[in-house]
Amino acid sequence: MLVLNEDQRMLQDAARGFVQEKSPVASLRKLRDQHVADGFDRALWRDMADMGWAGVLVPEEAGGLGFGYVGAGLICEEMGRTLAASPFLSTAVMAATALSRAGTPAQKDRWLPAIAAGEAIIATAVDEGRKHNPAKTALKAEASGNGFKLSGEKIQVADGHVADAILVAARTAGTPGEKDGISLFLIDPKTRGLSTERVATLDSRGAARLTFDDVQVTGADLVGELDQGLGLIEIVLGAGRAGLAAELTGNAQETFGRTVAYLRERKQFGRTIGAFQALQHRAAHLFCEIEIARSAVLSALQALDRDPADAALSVSLAKAKAADVARLAAQEAIQMHGGIGMTDAIDIGLFAKRMQVAAELYGDADFHADRVALARGF
Amino acid sequence: MDALEAFRRDTRAWLEANCPKEMRSPIRGDGEICWGGRNWTFQSDAQRVWLERMAARGWTVPAWPKAYGGGGLSHEEVKVLKEEMAAIRARSPLESFGIWMLGPALLAFGSEEQKKQYLPPIARGEIRWCQGYSEPNAGSDLASLQTKAEDGGDHFIVTGSKIWTSYADKADMIFCLVRTDPAAPKHLGISFILFDMTWPGVSTKPITLISGKSPFCETFFDGVKVPKANLVGTLNRGWDIAKYLLTHEREMIGGGAGGLLGGRSPGQVAADEIGLDATGRLDDAFLRTDTARAEVDALAFALTMARYKDEAAAGGRGVGDKSSVLKYYGTELNKRRYELMMRLAGHGGLEWEGARSNDGELPRAWLRTKANSIEGGTSEVMLDIVAKRLLDLPSA
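Going down the list, the sequences are from chains U and D. The first sequence begins at -2 in my numbering and counts up by one. The second sequence begins at 27 in my numbering and counts up by one.
The following block holds chain U by itself, in its conformation from the complex (with noise of 0.2 Å):
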């Protein structure tokens, strides 16, 4: 059944409740005109942990509420709509996938209750080029000693810049392109020879540039096993595209109900420009598009809890679809606005530059449409 159940929509109320009384738009906006080096709140994101969102994926067993993507992916679209900044996707998410799925029992004790708690950050780093593809991680780890030694570099880095742990991918045998030998490894960002700069990104977050020179790690980091990583950083990822193509869905909603609201109110030539026929059937196929979009994100989510091997169509579907609908949805807000859409008085920008950003990480709409292609047989 595409629809919530019970549990689900009152998660869904109180995140709704939540974002809009705790982080509303103006929150970033204060984010980012006190230059904070976080990217975000961290008293927001305590606040967020004690609604037990931080354990929204992480096992009852191990602290959690074991809710699952369906409820993970209310929550980034809730923050979607209000552009609410947090570790939410990197550790909550993504770690927590990660962790759970193929982490030593070491590693799980370590740190499974720590992000339920919302005490540690812990990040994802893959990308190295300007275009996300994980098959061609080059970041080159040769054996060494009882481990691995590090050379290479990652960028655009989410919530890198203040983790407390890095998950990395790694090559550890063949050349970049190949499937096979790429292992995750997770690291302390203070080991020697791994260097951290933070990134100031356009959606007013911080992301990091990693550049690792020699960086020593042991066989009790790897996470998973060795030079068949891919798998597991194709699940790890694909929590992360389901999860900002749902925000990306929320960010689509809101400037979607600001526009039509402005169309309402707003006067030209003599009426209200919502009565004008070109105005309300773009306004209107827009409408029909974030329905399309929503059914599709709705179906990733339920998609990764009924198995997150199975889940890529499902999920690239969703990411390829909510970032197209998004940049329309930025545009149009934008030009229905008129003018006063360009000013930064205004927060149809903020959520312009945040879609940018959640439609390019982890694939952009080319990247994920070539892969519902691939899976269709074509």
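Derived from the structure by calculation, the hints contain no laboratory data. Accuracy of the hints is not assured; some may be wrong.
[To be verified] Cut-off 35 Å, straight-line C-alpha distance, at most; resulting in silico cross-link-like pairs (DSBU-like, lysine-lysine):
no., chain 1, residue 1, chain 2, residue 2
1, U, K350, D, K92
2, D, K105, U, K264
3, U, K27, U, K264
4, D, K414, U, K264
5, D, K212, U, K350
6, D, K414, U, K19
Computed from a predicted structure; not experimentally measured.
Following the hints, put chain D in place on chain U, whose structure we already have.
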């Protein structure tokens, strides 16, 4: 095992035993659809047997009550039945405007006598219905229709004409919107009546379209006597029924996806006909990009239809005004689909006559889809409905 799983198991076994082999391949084009009716000639024994067996179980209209020839199945059971039919690629045993449109309208607005009289023959494929809605000068402004039904005592006298009456030349009966009060505001003087296409004063004439073939007709009424018992619902309140029925029609038109693709998406057709490169991608970059985006939209659209139905079932209501979303998006998508089909067929899509191309089946189907965003309310009318009713934007 829960009840639904038991139902699935039984359904699978029954379909396996009862669906003839010949009925287990996708319908390719209009010629293979079973429409039923008084003058119907079955294309094969398999087609007849399949209809009889499904009708006996009430599964031609699985959601209708058993008392009226239906299967009395729940929303979930209907879904299971459809899934199990799809799994063996079973054809629909019967298609008809009676099932899609008149039946739901009678269930909602008809009297008990009317339900008993008309619904079971629809379910069994014995009576074929057509729709008398549009008129030559009304078009998308449906409520401005002029066909009049004057009071003749115990009957109406119907005079006027209808256009775009699909399959009127093959139908046994018509459900028809007529003006019963010319003085009332245009939505408030319309009634919904039923009558026989063989009655005196009824005549039809086919309309030729750019596709060269089409189901459309013009239908003329010259003083047709219709008993008042054939009025459905309240006199002069036929517009409520018309709207209800249009909702069903829009859902259906939006959901109808290209017959010529045989259940395949354009991307899969393209892969078969154009071929793949060494990386498994369609060997035509421009076509692949457009096809991939259409594929994304088609999959997401199918999920949206499913979501709306699930939401409607969960809320115990119909899809309502959201049917405009489905009609608009589904028909625009179907046009894109056939544009892609023509592009990938290339020269192969240019033949108009001759056995090899089945008399230009593809270009005719391509041209036929151009009507999708006109019939049942244009795309522009659908966007108007979304803007006004779902977004609450002001009227001009």
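Are the Cα atoms of U:K350 and D:K92 separated by 35 Å or less? Since the Cα atoms of U:K350 and D:K92 sit roughly 57 Å apart, the hinted pair is violated (cutoff 35 Å).
Within a Cα-Cα threshold of 35 Å, do D:K105 and U:K264 meet the stated pairing? With a Cα-Cα distance of about 48 Å, the restraint between D:K105 and U:K264 is violated, given a limit of 35 Å.
Are the Cα atoms of D:K414 and U:K264 separated by 35 Å or less? Cα-Cα ~18 Å, so holds.
Is D:K212 within 35 Å of U:K350, Cα to Cα? This hinted pair is violated, its Cα atoms lying about 49 Å apart.
Given pair status - U:K264, U:K27, alpha carbons within 35 Å: Cα-Cα ~31 Å, so holds.
Going straight from one Cα to the other, do D:K414 and U:K19 come out at no more than 35 Å? 34 Å, holds
Of the hints listed earlier, those the structure fails to meet are numbers 1, 2, 5, in rising order.
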